[in-house]
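**Student:** Sequence:
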Amino acid sequence: MKKYKELLGGLVVIVAGVLYWIFGYDKPESPEPAEPDSPKVVTSVAAPAGLDGLLEIPVLTPDGRVVTHRAYVSSYNTETLIPNWVAYELTAEETEGARSRDGMEFRMDPNLKGVPQAMREDYSGSGWTKGHLMPAADASFNSTAMGETFYFTNICPQDETLNAGDWQYLEKKVRQWANRYGSVWVVTGPIVGKNRYGTIGEREVVVPDSFYKALLIRKKNGSYSAIAFVMDNDDERYFLKDCYLNINDLESLTGIDFFPGLDDTVEEKVEGTVRLSDWGLR
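Sequential numbering from 8 applies to the sequence shown in my numbering.
Since the hints were made in silico from the structure, they are not lab data.
The structure displayed is predicted, hence computed values, not measured ones.
Misleading hints may appear alongside valid ones.
To be verified - Taking lysine-lysine pairs in the DSS-like style, the calculated list, with each CA pair at most 30 Å apart, reads:
hint, residue 1, residue 2
1, Lys120, Lys180
2, Lys137, Lys180
3, Lys201, Lys179
4, Lys248, Lys276
5, Lys276, Lys179
6, Lys248, Lys226
7, Lys201, Lys180
8, Lys248, Lys201
9, Lys248, Lys180
What the hints assert, rightly or not - DEER-style ranges, computed between Cβ atoms:
hint, residue 1, residue 2, range
10, Lys179, Arg282, 14 to 22 Å
11, Ala105, Gly200, 31 to 39 Å
12, Glu112, Glu167, 16 to 24 Å
13, Leu61, Pro123, 25 to 33 Å
Backbone N, C-alpha and C define an ideal beta-carbon position, used for all residues, glycine too.
Generate coordinates for the entire structure from the input sequences, incorporating the hints supplied.
**Tutor:** Structure below.
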């Protein structure tokens, strides 16, 4: 009988402990989920001599080697081996050029000697074309300027259908807008995104997921208007009315600060809206 009481007492202690655990014990709270890392702060760098005040030049960052040519400025990324962006002003007079691109060859940029660059061999057999960011036709006013558009600081791997199709159509529209308004400021480049296409060549040239153009014009009344376009790097159809966005949205997408030369109050208004009538879109 005594043994039975001792056993019963032990069971009571155990049950009491369990009940205390369930109802009376303050369990440690689960740790709060960690907050995502804050967005990286992009550090700007000073513009090289001659670039200050040019409306087409974005805020410069350390990840780009800036190289200046007759017709364009490029921020070349020596990690991805493609430009971060290419910027230029295209005037109505320049669209009247008629130089031929016959005999011009793609080659490394001689202004970046000793710097890692893509080469023609990287594109050979890759299935991707050598896509100009500043089209050669925009530099047809001067043979030397046109030849410089074939430097790899102006080139990205681009889908052949896009290169010869809707992207080329957009390039032609840019020339029409330059004629209409007297000039257009252009910033164009790749969006690496998730890099779903990987790299090409021995040097591992990054293939972008998409491409963008940011455009700015000044109308006769002195006011500015801006628009951007994004097209994926594939063989789908891209109608301009379906792939436009405002500059603020493009900045969020790319992390690039476009048209910083505008007065702050003007920039805020211009980059947050799109006036489709200014661009012949409905």
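**Student:** If a hint holds in the structure, say so; if it does not, say that too.
**Tutor:** Okay, the hints, checked on the actual structure:
Distance check on the hinted pair: Lys120 and Lys180 sit about 35 Å apart at the alpha-carbon level, beyond 30 Å; violated. The suggested pairing of Lys137 with Lys180 holds, with an alpha-carbon distance near 21 Å, which does not exceed 30 Å. A threshold of 30 Å between alpha carbons decides the hint, and for Lys201 with Lys179 the separation of about 29 Å falls inside it, so the pair holds. For the proposed pair Lys248 and Lys276, the alpha carbon gap of about 21 Å is at most 30 Å, so the pair holds.
Between Lys276 and Lys179 the alpha-carbon distance is near 27 Å, which keeps this suggested pair within the 30 Å criterion. At most 30 Å may separate the alpha-carbon atoms for a hinted pair to count; Lys248 and Lys226 meet this at roughly 21 Å. With a CA separation close to 29 Å, the supplied pair Lys201 and Lys180 stays within the 30 Å bound. Of the supplied pair hints, the one linking Lys248 and Lys201 holds, its CA atoms being roughly 25 Å apart against a limit of 30 Å.
Annotation: proposed proximity of Lys248 to Lys180 holds, straight-line Cα distance about 13 Å (limit 30 Å). Take Lys179 and Arg282: their Cβ atoms lie about 21 Å apart, and the range 14 to 22 Å holds. For the pair Ala105 and Gly200, the supplied restraint of 31 to 39 Å holds, since their beta-carbon distance comes to about 37 Å. One distance hint, 16 to 24 Å for the beta-carbon pair Glu112 and Glu167, holds here, with the actual separation near 19 Å.
One distance hint, 25 to 33 Å for the beta-carbon pair Leu61 and Pro123, holds here, with the actual separation near 27 Å.
When each numbered hint is compared with the structure, a violation occurs for hint 1 only.
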